[in-house]
Each structure stands twice: as structure tokens, then as C-alpha cells.
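Q: These are the residues of each chain, in order.
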Amino acid sequence: MGIRFVLMVNKQGQTRLAQYYEYLNVEERRALEGEIVRKCLTRTQQQCSFVEHRNYKVVYRRYASLFFLVGVDNEENELAILEFIHLLVETMDRHFGNVCELDIMFHLEKAHFMLEEMVMNGCIIETSKTNILSQIQLMERAS
Amino acid sequence: MAVVPSLMDSLFQRSIDDVIKGLRLCPPGTESIFISKSLDEIRREIKSTDPQTKATALHKLTYLHSLHSAEMSWAAFHSVELSSSAAHSYKRVAFLSASLSFNPSTTQVILLLTHQLRKDLSSANPHDVSLALSTLSAICNPDLARDLTPDVFALLASGKPFVRKKAIAAVLRVFEQYPDAVRVCFKRVVENLESDDMGILSAVVGLFCELTEKEPRSYLPLAPEFYKILVDCRNNWVLIKVIKIFAKLAPLEPRLGKRVVEPICDHMARTGAKSLAFECVRMIVTSLSEYDSAVKLAVAKLREFLLEDDPNLKYLGLQGLTIVSKTNMWAVLENKELVVKALSDVDVNIKVEALRLVMCMVSEDNVMEISRILISQALKSDPEFCNEILGHVLLTCSRNFYEVVFDFDWYVSFLGEMARIPHCRKGNEIENQLVDIGMRVKDARVQLVHIARELVIDPALLGNSFIHGVLGAAAWVSGEYIELSRNPFEIMEALLQPRTSLLTPSVRAVYIQSAFKVLTFCLSLYLKLSVDTVASQLLSDTELDNGNGNVVVASSSMHRFTKESFVNLMNLVETNLGPLAGSNEVEVQERASNVLGLIKLIKLIVFGSEGDNVKGEVEASEMVKLIFDAFSEDLGPVSVNAQERVPIPDGLVLKENLGDLDDICGGDTEFSLPSSFSIVKLQKMDAAGTSDCTSKEESETLTESTSLLAEHRKRHGLYYLSSENAGTVSNDYPPAIDPKDKDADEAEDLARLTEESLVIKKKPNQARIRPVVVKLDDGEGFNVSAKKREVEGGDLISGAVQEVLLGNEATATSSSSRKRESSKKSRERNKQQHGHGKERKSQSTGKDKEHDGQGQREKPKRKSRQRGDGGALPAQSSVIPDFLL
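Line by line, the protein sequences are chains A and B.
Residues 1 to 143 in the numbering used here are what the first sequence lists, from first letter to last.
Residues 1 to 885 in the numbering used here are what the second sequence lists, from first letter to last.
Treat the hints as calculated values from the structure; they're not laboratory data.
Careful: at least some of the hints might be erroneous.
Selected chain A positions facing chain B (Cβ under 10 Å, derived; list incomplete) [unchecked claim]:
#1 26
#2 29
#3 37
#4 41
#5 50
#6 95
#7 97
#8 98
#9 109
When the alpha-carbon atoms are kept at most 20 Å apart in a straight line, the in silico SDA-like pairs for lysine to any residue are as follows [as the list claims (entries may be wrong)]:
#10 214(B) x 73(A)
#11 119(B) x 73(A)
#12 110(A) x 17(B)
#13 37(B) x 18(B)
#14 110(A) x 163(B)
Covered by chain A, according to a simulated footprint, are these stretches of chain B (three or more residues, beta-carbon under 8 Å) [unchecked claim]:
#15 305–315
#16 397–403
Positions of the beta carbon are idealized from the N, C-alpha and C atoms, including for glycine.
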């Protein structure tokens with residue numbers, strides 16, 4: 001499994017979105033999120049975006065007040081994951097128009113569906129913003 | 001609990017937005033109250049028959065579960081219930097909650113979802129289908145995978161790319177849970193490798209990337225398809241994945257490497273995307289390291305990364321170099337200055353990578369220089385990185401029995417220096433190495449004693465609890481090799497200094513035991529007990545020591561104690577240890593009592609006894625001699641496997657007959673240990689040094705204890721190890737040091753000689769030869785061979801894949817028979833399963849037939865291709881596709 005989890009966390013360390021691609025129970029999730037947030041949020045802009053944690057790597061990137069953290073296998077390409085994070089942000093940006101923390105909070109399920117269009121089972125399946133968003137729009141129209 | 005939601009509840013139900021706003025307005029610390037209040041509401045609302053109310057409740061619950069860790073396993077059934085809703089928006093809420101909260105292995109209600117999922121998978125609404133696929137991949141368990149395989153199979157050929165790519169992504173989870181699905185679906189998955197749609201290609205390449213990770217060999221036959229993508233595709237995401245696949249396949253088939261090295265170098269040179277470039281670099285340095293020109297290009301690329309300001313690229317550049325270093329050391333040396341510069345980066349992750357690389361560069365020629373640089377770096381660093389450095393240095397220097405250390409005098413001084421670094425938290429490791437070197441490297445002992453003295457006499461160090469272990473080792477060294485010390489009196493004072501009360505009890509016990517040894521040694525000097533022994537031992541040291549030892553020997557054996565000075569020493573010990581005989585710590589108390597007991601004996605000798613007790617005096621001096629002999633024995637390293645080598649005798653039953661022990665203990669009251677029992681001795685490697693006098697003494701006590709032992713054995717033979725020559729029991733203890741050691745020593749000597757000649761050629765200014773390091777040649781430290789366990793699921797999958805790709809008769813690997821067996825079993829299971837799943841069968845037979853037809857059409861084609869390869873090739877190469885030839 002390439003991607004193990006995608007987290008969005010604000011500056012204060014509060015989780016704003018958590019998508020896991022392997023089952024973890026509530027306690028495990030809370031512990032993991034706590035450890036990673038402690039590790040990543042203390043780092044400065046001059047430091048690299050990769051952190052080794054337990055048996056996988058965390059690739060993260062900060063956009064304004066929101067941190068995007070992606071846990072991947074050791075084999076995964078770090079730079080490609082950074083590009084993926086950027087793509088995710090751009091997609092959300094285009095959908096919400098200058099996305100911010102509140103957009104994700106109040107439209108959590110939509111954020112999940114966007115992510116679902118891009119990643120399934122830890123594999124990236126779609127990298128075209130247009131394709132992703134057109135599906136979201138169609139889905140909205142359908143319901 | 002039984003409250004049914006009223007109309008009011010439904011009308012005034014709080015929306016998800018209300019909950020989020022409420023949470024935001026909560027004063028800090030009161031969120032949990034708000035959450036539990038909301039959960040109470042949700043519990044009520046979720047029972048509603050109105051789907052709108054239910055969906056909102058579930059939505060809120062999912063939110064609280066996902067972001068605020070609220071437990072929601074109790075609501076699993078409600079998710080299932082809502083999933084059958086006709087409205088897509090409710091269905092979405094239901095499936096989202098299921099995929100975020102269900103545990104595939106324990107959530108019971110997953111089985112209730114089977115029917116709904118099947119319905120949605122064959123729905124006309126593509127959004128339903130896609131939703132069902134996402135949910136399936138999140139909550140898939142073996143039952144679900146087995147029951148839904150036909151439906152997923154149908155979707156693998158869907159006309160809608162957006163559905164098809166999701167089916168491909170989901171099928172990986174289905175394979176993992178139910179390997180037999182491979183037989184049904186694999187052909188279709190392979191067909192998708194030729195798709196033009198980037199989404200589909202991305203999904204299918206991602207799928208194969210995961211599969212090859214587990215068992216690459218099975219996918220070798222697909223190399224032509226992958227190669228086509230590698231050459232034709234222009235999508236970086238897909239290329240990265242395909243390169244990862246080749247990184248796994250290339251090492252299995254040399255011709256494959258030859259074929260892909262060129263396109264990969266092309267990609268590396270052409271691409272503007274750093275991610276793709278880095279993937280190419282990583283592929284080359286891991287799997288194509290024998291292609292020098294490619295490696296050169298890759299290393300040049302890594303250098304570019306290292307020169308960038310971007311910390312990400314710098315980090316990856318260093319990581320890449322770490323991988324190259326295993327095969328091409330020159331690449332690291334070429335970039336040495338960049339690596340060393342990275343040691344002072346602002347980012348600790350980069351520093352650690354640089355440190356790992358620096359440690360790769362260590363050899364016996366530069367170990368001193370590198371260590372010096374690193375220690376000065378450690379002194380400048382923050383505590384965390386400082387210890388990272390110390391840990392790496394200690395690990396590298398001690399690797400493979402101090403392989404890189406040539407000058408042990410330097411190394412032991414260096415250990416002492418490290419212990420004094422203020423942030424040092426590596427006390428345990430330093431402790432172990434000090435003792436280890438003491439036992440293994442005879443030639444280092446003089447310097448070791450010198451360093452230990454400096455550590456022990458410094459009262460300031462006793463306050464630092466992190467190096468108590470080191471001090472314990474220093475105290476042990478000081479006591480064990482006291483004969484090499486210039487001034488035993490000084491050592492004794494150091495061992496007894498008042499601040500030793502700060503030590504942990506276990507370390508303090510070592511201090512006291514060392515004082516015991518020092519006292520014994522001083523006594524022997526005072527009595528000029530066995531001057532021969534000491535002298536001969538020291539002489540042999542001198543021979544090896546080339547000058548340095550001369551001074552020590554001279555000073556030490558010159559050091560004669562007058563009666564007065566010895567009595568002073570004794571009084572010092574007595575006043576300091578007297579109070580400890582009442583210590584609460586068992587170890588401390590016991591050892592202090594030992595020393596005090598010894599002093600009582602000594603007093604008999606030194607002052608003589610008042611009048612007639614001459615016999616007691618003689619006995620006492622015999623005792624002292626014995627104790628001294630016990631300590632003057634050389635301790636050697638003991639193999640971790642030594643215990644295992646003691647054979648367990650037949651008929652020894654450890655867990656039974658323990659009841660008999662009571663009898664024995666009861667009947668044994670009159671049996672007491674002899675007043676002077678001898679300590680179990682190491683087998684003598686060199687008996688010449690022992691004086692006649694002591695050996696006679698020894699044999700006397702030995703016979704005494706032997707007879708007692710023999711008596712005991714006669715009475716309780718059952719509990720003894722059987723021994724062929726029971727008569728000479730006392731000499732037959734399994735030696736702690738393997739007698740083979742002698743051979744090892746000889747071999748070492750030989751190696752040293754050759755080494756010496758080599759070194760002289762290489763480095764004429766290095767006058768000293770490397771001291772002997774005692775090793776035990778039974779694979780010390782490798783007593784447990786790690787066995788690689790294959791992932792069972794992956795194994796079954798690859799077995800099925802091989803069957804599909806090659807047909808049964810051409811399975812390549814030797815282990816395939818086992819795989820086939822297991823897959824046969826699972827096929828039987830499959831049949832049974834099909835027996836009572838008729839409805840589904842009728843649904844999918846048409847497609848199955850079609851697929852079978854395809855399979856049969858394709859199989860002969862492949863076989864003929866393989867025959868074209870040349871049938872003479874060994875079994876393994878039958879999997880290699882012809883394009884390589």
C-alpha cells in the first residue's frame with residue numbers, strides 16, 4: 001500500500017480531516033495523530049518535509065494555517081507525494097475558491113469524496129483536476 | 001435508551017453545521033462535555049424511521065468519530081440500514097461512515113452489506129457503483145471478497161473509465177483477502193495495461209507496483225507490457241510506478257536490466273520533474289548498480305540535488321548516496337565535502353542522514369580523524385544530535401570486533417573522552433565496550449587502566465547519573481587489572497571516596513568488589529606472596545608492550561608496602577566500608593561484608609595472633625593466597641552460546657520430580673559447604689605461570705571438596721549431569737572459554753603477521769601493530785538466524801498469478817508445488833462455495849465463459865512464444881519473455 005493515511009491538521013494541532021487506508025482503532029489513531037503532529041508541527045520552513053516515523057515516512061506540507069500530512073511506505077517517492085499534496089490543495093482551491101480551514105470543516109464529506117476520487121486503497125488513481133472535479137459536480141447534481 | 005425520537009426531535013434536530021459551530025464556540029476544555037451531549041442526541045435521533053433524521057445523525061456521528069475520536073462501533077448497524085436508501089445522498093453518508101469506521105476483521109454487520117454492495121456494484125448509476133467500490137476497498141474481508149468477486153470482475157471491463165479505474169484499485173484488496181479471485185480477474189487486469197486512459201493506467205500500474213513488492217518473480221512475464229509503458233508513457237505518476245516495478249524485476253533477470261537501463265537514463269536526463277528524476281536515480285543505484293555509466297549519471301544527479309538550497313532535495317540526495325555507498329563507495333568520497341557540510345545543517349533529519357554517510361566512509365585509516373571531527377561537532381550540537389553522533393561513532397568503531405580500530409590506546413582514551421561530554425547519554429554502550437576491550441584486547445589494558453584511573457578519581461563525575469555505568473566499568477577495570485596500576489593506594493582511595501554514595505547500588509557493589517581486589521593485591525605485595533606470578537605476568541606484558549609497559553612494571557613491582565602503609569590502607573577500607581555492612585541494598589551489604597571478612601583474616605596475618613593460635617594464622621594466610629590466586633586469573637570473553645553447548649543428558653527431566661527436593665533439603669542439614677571452597681576456575685591456558693606452592697594448595701582443597709561432592713553425587717545422582725569420568729569431576733567443568741580459542745589466537749597471530757606486512761607496505765610510518773582482539777569463532781552474536789517469513793496472502797496471490805500467466809506446467813519457482821497445493825485446496829473451497837451460490841453463478845456465467853475462452857485462446861499463444869525462446873533453457877528462464885533476446 002503506497003499511501004497509508006492522509007491527515008489535515010491546523011496550526012494548533014487539531015485534526016481537520018483524517019483518512020486511513022488501513023484499519024486503526026480510535027486509540028491508535030489518536031496516538032498516531034498526536035505523535036505525528038508533535039513531530040512535524042515543530043519543524044521550521046527551512047527544514048525538509050520528510051519525517052521518519054515508526055515504520056513509515058510522513059511527507060508533509062504547510063499551506064497557510066493548515067498542514068497536510070501524508071503517511072507513506074518507505075518505498076514511496078517523497079517528491080511525488082509532495083506533488084500529490086499540492087494537487088489535492090489545488091483541486092480543493094478550485095472547488096471551494098481559495099480553500100481555507102473552515103471550508104474543509106464544514107464540507108468534510110466533500111473533502112473525503114475528493115480524496116476518494118484521487119486515492120483508493122492507498123493508490124493514486126486520478127491526477128487530473130478536471131476529471132476529479134467533474135465527478136464531484138456530477139455527484140452533487142445526482143443527489 | 002428506549003426513548004423513541006419524537007417529532008420534536010426530528011423537527012429541531014441539530015444539523016451537522018450546528019454541531020461544528022457549537023464545537024467552535026466551546027470554551028477550551030469543555031469540548032468533551034459538548035461532544036457527549038451531542039452523542040446522546042445522536043443516539044436518540046439515529047433510531048428514527050425518517051431517513052433524513054437518521055442520515056443527519058449518522059453524518060454528525062461520523063464527523064465526531066473521525067475528528068474527535070468518538071466511538072461509533074455501536075452504530076454500525078445504522079450505517080447498513082441507511083445504505084439501502086434510494087436517495088444517493090443518504091447512501092453516501094452511510095457508506096462514508098462505514099468506510100471510516102468499520103473494522104474489516106471484527107465488525108459483524110459487514111456481511112449484511114454484501115447484498116446492498118452487490119446491488120450497487122451492478123447499478124445503472126455510475127456514482128452508486130463508484131461509491132460501492134470505494135466502500136468495498138475500505139472494508140473488504142475474505143467473505144465479502146469471495147462473494148463480490150464476480151461483480152468486480154464484470155466492472156474491470158466497464159465502458160466508463162471512471163468506474164473501471166476504481167474497480168482496478170479495489171481488486172487489489174479483493175486479491176489480498178481472497179487470492180482465488182486472481183484466477184478469475186487477473187487476465188482482465190492485465191488487459192488494462194494497454195489502456196490509453198491515464199486514470200486506468202495509473203490504477204493498474206499502482207496495483208502491479210503493490211503486487212511486485214511482495215513477490216516480484218511472478219510478474220516477470222509481464223515485463224514486455226511494463227516496458228512498453230516505460231518507453232511510451234509520458235505521465236510522470238505512471239512512470240514513477242513503472243520504474244518501481246522494474247526496480248524489483250531487474251535484479252531477478254540480468255537481461256532485463258540491460259534492456260531498461262537506457263530508457264531510464266533517458267528519462268533521467270530529459271525530465272524536468274524532480275520526482276521522476278529521483279525515482280530514476282533510486283532505481284539505478286538500487287537495482288542497476290553494475291552499470292557504471294548509469295551509476296555515474298545518477299551520482300551526478302545526486303550531486304545536483306545536494307547543491308540545491310531546497311532541504312528536501314538535499315535530504316533525498318543524501319539518502320541516495322547512502323544507497324550508492326553499499327555498492328559504489330567512490331560516490332560518497334567524491335561528495336565528501338558536501339556531506340560533511342550537511343552535518344551542520346539546520347535540519348536534524350538532514351544531519352542524521354549526513355552522519356550515516358560519514359559513518360559509511362570510516363576505515364582504519366581515517367577512523368581517528370573522522371572521530372575527532374565528529375566529537376567536536378557533537379560538542380557544538382544540541383543534546384539529541386550529540387547523542388546521535390556518539391551512538392553512531394560507538395557502533396561503527398565496535399563493529400565486527402573493533403575492525404576499524406587499529407590503535408586501541410587511542411580508542412580507550414577516546415571512550416573516556418566521550419563519557420565526559422556533558423550531554424552524553426550513551427553510558428551503557430561505553431561501559432560495555434570498556435569491559436569488552438579489557439577482556440578481549442590484552443595489549444590495551446595498560447592504557448585502559450590509565451583511563452579508568454582518571455575516571456574513577458574524578459569526584460565531579462560521580463554527580464552525573466548518566467555515566468554511572470561508565471564509572472562502574474572503570475572501577476571494574478581498576479580492580480581487575482590492578483597489577484598494571486602505578487599506585488594501588490590511590491585507586492583504593494578513589495574507590496572509597498565519600499561521593500560514591502551517589503552511585504546506584506549495583507554500581508556501588510562493583511566499586512566495593514574492586515576495592516576487594518585491590519586490597520587482595522596490596523596484601524600480596526606486602527607479603528611478597530607470589531612475586532613470581534606477578535612478575536612473570538608483567539614480563540609477558542612488557543614483551544608485547546614495546547616500552548610503554550616497562551615503566552609500569554618497574555613502578556608497580558617496585559612499590560613495596562611497609563607494614564605501616566598497609567595498615568593505613570586497611571584502616572581506610574574498614575572505616576569506609578564498616579557502615580555499609582548494614583546497608584539496605586543486598587549487593588552492597590554483602591560485598592562490604594566480604595571485604596570486612598577479608599580484613600578480619602588479614603589482621604590475623606599482619607598482626608599475628610596473641611599467643612598460641614598459630615594454626616589459625618597459617619590457615620588464614622592460605623586462604624588469602626587462594627583468594628589472590630582466584631583474582632589473578634585472567635577473565636576472558638564468554639560466548640553467548642556457551643550455555644547451549646552444555647549437552648543435556650538423556651533422562652534429565654527438569655520439570656518433574658521436584659517434589660523430591662524437599663526430601664533432599666530436609667535430609668541435607670548435616671551437609672555443609674567446606675569452609676574453604678574453591679571458586680570455579682577458568683581452564684588454565686598457560687599453567688607455567690602458577691607457582692608450585694599455590695597449585696599444591698589448590699589441589700589439596702580440591703580433593704577435599706571433591707570428596708564432599710562425590711558423596712553428594714552418590715546420594716542424589718539423579719540431579720547431576722552425567723559425566724564419563726566422574727572421578728575427576730572438579731577439572732571437568734565446561735570451560736567458559738572455548739579451548740578453540742587457542743587456535744583462534746594462533747590464527748589471529750598469523751593474520752596479524754600478514755596484516756603487519758601489508759600495513760608496512762601501505763603505511764610505513766605506522767610502527768605499531770594492531771593488538772590481538774580475542775574472538776570466539778562460533779558465530780558469536782549470531783545465535784538466532786533471522787528467518788524471512790513470506791506474507792501468506794502475497795504468496796497465494798503470486799501462486800495464482802503464475803498459474804494464470806504461465807499455465808500449470810510452466811510454473812517457475814521450486815516452491816510452486818506447495819503453492820499449487822494450497823491453491824488446489826482453495827479451489828476446492830471455491831467449488832463448495834459455488835454450490836450454494838447459484839444465483840450469483842447464473843449471473844456471471846456468461847462473462848466467465850467469455851473470459852475462459854479468452855484465456856484458452858491466449859494460453860497457447862504464450863506457450864508457443866516460450867517455445868520460441870529455446871526449450872533448452874533451464875526452468876527458470878522459461879518465464880523470461882522473448883523480447884529480451
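Q: Mind checking, does the stretch 305–315 of chain B have 3 or more residues with a CB under 8 Å from chain A?
A: holds (count 4)
Q: Have a go at the residue 29(A) hint: is there a Cβ in chain B nearer than 10 Å to its own Cβ?
A: 7 Å, holds
Q: Take a quick look at whether residue 37(B) and residue 18(B) sit within 20 Å of each other, Cα to Cα.
A: 13 Å, holds
Q: Have a go at the residue 97(A) hint: is there a Cβ in chain B nearer than 10 Å to its own Cβ?
A: 19 Å, violated
Q: Would the hint on residue 95(A) stand, with a C-beta cut-off of 10 Å toward chain B?
A: Given a least distance of 16 Å, the restraint on residue 95(A) is violated.
Q: Was the hint right that residue 98(A) lines chain B, CB cutoff 10 Å?
A: Check failed: Cβ of residue 98(A) comes no nearer than 20 Å to chain B, outside 10 Å.
Q: Would the hint on residue 109(A) stand, with a C-beta cut-off of 10 Å toward chain B?
A: 6 Å, holds
Q: Checking one constraint from the list: CA of residue 110(A) to CA of residue 163(B), max 20 Å. Satisfied?
A: Holds, at roughly 19 Å.
Q: For the pair supplied as a hint, residue 110(A) and residue 17(B), is the alpha-carbon distance within the 20 Å limit?
A: Between residue 110(A) and residue 17(B) the Cα gap is close to 14 Å, so the pair holds against 20 Å.
Q: Closer than 10 Å between Cβ atoms is the bar; does residue 37(A) clear it against chain B? Give me holds or violated.
A: 13 Å, violated
Q: Does residue 73(A) sit within 20 Å of residue 119(B), going by the straight-line distance between their CA atoms?
A: Judged against 20 Å, a Cα distance of about 34 Å means the pair is violated.
Q: Restraint: residue 41(A) near chain B, CB-CB cut 10 Å. Satisfied or not?
A: Nearest chain B Cβ about 15 Å off; hint violated.
Going through the hint list in order, the structure does not satisfy hints 3, 4, 6, 7, 8, 11, 16.
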